[in-house]
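Taken in sequence, the protein lines are chains E, P, L and X. For the first sequence, our numbering assigns the number 1106 to the initial residue and increments by one for each residue that follows. For the second sequence, our numbering assigns the number 1106 to the initial residue and increments by one for each residue that follows. For the third sequence, our numbering assigns the number 1106 to the initial residue and increments by one for each residue that follows. For the fourth sequence, our numbering assigns the number 1106 to the initial residue and increments by one for each residue that follows.
Quick caveat, the hints were computed from the structure, so don't treat them as lab data. Treat each hint with caution, since some may be false.
Stated by the list, open to error - Have a look at the derived ranges for each label pair, beta carbon to beta carbon: (1) E:1359 / X:1312: 18 to 26 Å; (2) X:1324 / E:1366: 33 to 41 Å; (3) E:1275 / X:1194: 32 to 40 Å; (4) L:1355 / P:1402: 22 to 30 Å; (5) P:1309 / E:1359: 22 to 30 Å.
Said to hold, decoys possible - Stretches of chain X that chain P covers, calculated by requiring three or more beta carbons in the stretch to come under 8 Å of a beta carbon on chain P: (6) 1318–1329; (7) 1369–1378.
Unchecked claim - Chain L residues, not near chain P, derived (Cβ > 12 Å throughout): (8) 1148; (9) 1190; (10) 1327; (11) 1349; (12) 1386.
Quick reminder that beta carbons are idealized off the backbone N, C-alpha and C, glycines included.
4 protein chains.
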Amino acid sequence: MISVGIVGGTGYTGVELLRLLANHPQVDVKVITSRSNDGVRVDEMFPNLRGHYDLAFTVPDGKSLESCDVVFFATPNGTAMTLVPDLLDAGVKIIDLAADFRLKDEAQWEKWYGMPHACADLLQEAVYGLPELNREVIRDARLVANPGCYPTAVTLGLMPLIESGQVDLSSIVADCKSGVSGAGRGANVATLMGECGESFKAYAVSGHRHLPEIRQNLETIAGEPVGLTFVPHLLPMIRGIHATLYLKTERHSDWQSMYESRYAEEFFVDVLPAGSHPETRTVKAINHNRIAIHQPQEGDTLVVLSVIDNLVKGAAGQAIQNMNLMFDLHESAGLNTVALLP
Amino acid sequence: MISVGIVGGTGYTGVELLRLLANHPQVDVKVITSRSNDGVRVDEMFPNLRGHYDLAFTVPDGKSLESCDVVFFATPNGTAMTLVPDLLDAGVKIIDLAADFRLKDEAQWEKWYGMPHACADLLQEAVYGLPELNREVIRDARLVANPGCYPTAVTLGLMPLIESGQVDLSSIVADCKSGVSGAGRGANVATLMGECGESFKAYAVSGHRHLPEIRQNLETIAGEPVGLTFVPHLLPMIRGIHATLYLKTERHSDWQSMYESRYAEEFFVDVLPAGSHPETRTVKAINHNRIAIHQPQEGDTLVVLSVIDNLVKGAAGQAIQNMNLMFDLHESAGLNTVALLP
Amino acid sequence: MISVGIVGGTGYTGVELLRLLANHPQVDVKVITSRSNDGVRVDEMFPNLRGHYDLAFTVPDGKSLESCDVVFFATPNGTAMTLVPDLLDAGVKIIDLAADFRLKDEAQWEKWYGMPHACADLLQEAVYGLPELNREVIRDARLVANPGCYPTAVTLGLMPLIESGQVDLSSIVADCKSGVSGAGRGANVATLMGECGESFKAYAVSGHRHLPEIRQNLETIAGEPVGLTFVPHLLPMIRGIHATLYLKTERHSDWQSMYESRYAEEFFVDVLPAGSHPETRTVKAINHNRIAIHQPQEGDTLVVLSVIDNLVKGAAGQAIQNMNLMFDLHESAGLNTVALLP
Amino acid sequence: MISVGIVGGTGYTGVELLRLLANHPQVDVKVITSRSNDGVRVDEMFPNLRGHYDLAFTVPDGKSLESCDVVFFATPNGTAMTLVPDLLDAGVKIIDLAADFRLKDEAQWEKWYGMPHACADLLQEAVYGLPELNREVIRDARLVANPGCYPTAVTLGLMPLIESGQVDLSSIVADCKSGVSGAGRGANVATLMGECGESFKAYAVSGHRHLPEIRQNLETIAGEPVGLTFVPHLLPMIRGIHATLYLKTERHSDWQSMYESRYAEEFFVDVLPAGSHPETRTVKAINHNRIAIHQPQEGDTLVVLSVIDNLVKGAAGQAIQNMNLMFDLHESAGLNTVALLP
């Protein structure tokens, strides 16, 4: 059994890790920390876990974390980077669900996250944990930067087209919509049901932190600069991300076959039949990404529709997929479940 | 492997059976019928099932159903009773998720369901499939009448008190609230999101079909007549039932301990700590019932709060729990999962 | 024109007052205060008000408030009582939308609100602002305690029956459900959409502050003690309260006619036809209360269904109705609008 | 008083017309038709109208409709065209809320609506009822084609840029999201709350009927062909449309001032301050369009955000705005209300 520690377990990413790990056959969660909830049982805070965990939150403490095989960070940005170096030295593997190690460029990171980086030397070593892009390096990684939710949906949606070289890379549009759980469990007027229920809006149009992350992914795949406009929106629902992606092309290829081939071996990427419109609910609670590709009216604009559950493939599920790779388990261990519909 | 047939698989109960059975280690779904969707793949109608079933709907047909070990009916009321006698004769076990076999009294059944009963002789043999009440007879049953959703939440909520003989049986109030999935997947103006979203109402106050079913349960437990007022309401959400139950008593017993004792051995009934308020989301997607009991202001009225997922413990999950008992499997096989929160 | 001041305008009650007063023909809002938003334009905080107000929040200040004809308090409990005496001395009329003046008994108030009362001598003078109960005294009042949302829905729903003397007063049950706007606009984990969306729960079963308020109303009407069990619940929607009320009786009167007669002259109380089930959406955004009365199965339990919009008849609308009475305007001035459906 | 007839009053557009006309000071609704609900009172079907109308549905009948000054068609596509010629001959003015007269090109209309047009000769006379584009011709029109909901949001959002000649017209993207009321009140599995609640999807990516309508508008404004990709999505909420519009440009103009100038005299178009993100709830129940324009990261892509209430500015409200123009009333008569927030 792999012994697991979770730092910062009181948010939605934390409880989702606990939900998914409860059904993982080769894992034992030994430590879960929360500075402000020391001593509180996890199933008291999250009663959906009753019967599955006999565990209480503790104050983060190097010794107990160092006894784990792997530590997940489900903390706000800027926390993991202060604890990771010592844990790595102690031989613990790290999966950071926050953004501390997602960008390769230190200056970019500091610009977008507004603070100095505490261990910038690890930015190069850290592996960006998108298995469909980096599977082999993830297997050997000590430190995995788990991707953001929007970057996961967008990158998987665009990867085959970018790789194909058949699209205009200068003006990609990613119009993305997320359920409110993506904004976390912090007390915040903007995510009250009275504020975001029965309403819809864009936000951060001038620049969102996932913009440089997505651009880094696309440029890694393309090997050249990419022009990207990324607009996130807030949906009046809890779970799910839908990315609607627009690209220019002069071709009329068989895009459907290209997508099906590219992802034929991918357990968690499902290319829907031609003409489909994926619904976010078809991935609710599971680690899958479902994709459809259209060329409307036979025109010069391609439209890709890509959906994930932001808390699963967009966070905790992908983190477990990465763990499975790092510990040489079956990649889908604990993750082969059916989406909740309705 | 137990071979399973499902009659009427295009509603919410049908797709929920498929979702849950996909994770059941000892089951193989061989037949699923739908007269109007003959030939359509189940994962085309319900894309959440992609990757889990290689199965298409077929027209109901005695021969293929007779080859199954057990057949679930997820049909409208009045359908199962026309097919069950032949299937029983062929040695197939039956679990009816509709109401055809729930009432013992033929006249009552015909009054509430507005049609003659096609095989009233089976009403006595049919076992009411609430395991917490009838576990041992279910094990040996050929024909199980799977309980209604409201009756499950109410009966489990009241059972310990009724058994105790410490409450006034003449004036019990069951104020119940259900998510809209309880109304099914039929095209219906009343359950359009434009009609029932962002609104709340009672319905069928003058008399709902679950009233005689709940009363039959309570009177079976009490061994005497029971006065019950049952008012169902429609919640602007998809899954979940919350029953708020009011009973008069002259006692000040340790109700908490009584409930904990009564359900100590029940895997799927969870008595919450004193003072709790169960949320429906803590049972979303799982087969558990969570209960809390209060005696507000030390007065003479007891308040019991009982929540289930109407599609799981209130339908498909309980049906599988019954199947597990009928086939001598572990009672929680395929059902020991964690509720989705948030 | 009546000049109006609003103390504490940044919550849902405040913005609803502004919405309704914008359409009131005889009112001019001159001052709106918020200590923490001094200088912020109201239409910057609430863009739905763009084009209707050229006003910014100011720090509360005796002088500007004293220049108003009437001041509404849309503040947390315990604020109004510190400012009201001076304003009354200055000749300003007061309508308090919080609870500071709702209970007549000082000890009860201090028990339920957990603080000493700053001007308990005013508790007797304050008029409980339910026009259907206290219309004539409201006309002459200097200080009106605007009722709570639950107490409004419950009291209007029960008034004719209590007055009739034909029901058992010892065991009334009020099972009430409220949209989340009733919990206010404060940053609070419990009312995040991720917490209360797609879920339902009871709360404060052991005792809610509206219990003594409702009981005081019913006992005032009855002239004798009343036994009441009150259980509030949180609905996954924004606006609306539904009270389901249960009373015992030995009679079979024509309750429908009794209700219609009692409310025949009331503009804002609408008794629905026999057999109806009021939906909360039929009062969305308006000051009406819609009621239906049932005697299910000809039994000994009466069921009354009573709906209001918690922010209108349950708060801001009723406050304006009171203002209209206090200033001898038409009682429905500014309030005769149509509910939003769908 | 203008006497009004409404053909087809049982859908969401019909009840919204009734809601808005109830508050219009110069209008008297005399006839409302519904073939299948002959004799049913409108306030029985829509209880939010209780107290506002003493009117029942009747079977459509030339004589009663011909006695009206204006007739609104709130019918499915293809109905108005069969009745309009006779009504025009009788001197009645017509506002069609369906699509029968929106496209100028008969062949296009027949291609997209899949039926022959019954009075194609009127397509040229019909005035496209977007007052911000066609105000003066609307004043004199006999027959107004009320715009579609998406076309209203998109056209108003793009008009100043198209007029400016400073954007690339060859590749405009309109990523649009609508609440479910846009899909109407017909019984339909796809718009059940169990289907579209808590989920999000695109639809009709290959081609939606509003595509040629939007393109016709943009080409009318531009005076040249326009390349448009239009993708509609279904939001899990009832009211509201959000259009996110992407255009390429090589300029860095003061777009904010351009928008503010263009719409300075428009009562119903509100250009928000620079950097804003309009929420659909800020136009809930009102006839306003709120717009923001961004040039993210100083790049070559402009992003315009445009919101309306699909049932008001996208249907019934705009129809009344057109009526006001046609009858020389104040353009905002009956429409100057405040959006419902929260």
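Q) Hint by hint, which ones does this structure get wrong, listed from lowest number up? A) 3, 5, 6, 7, 11, 12
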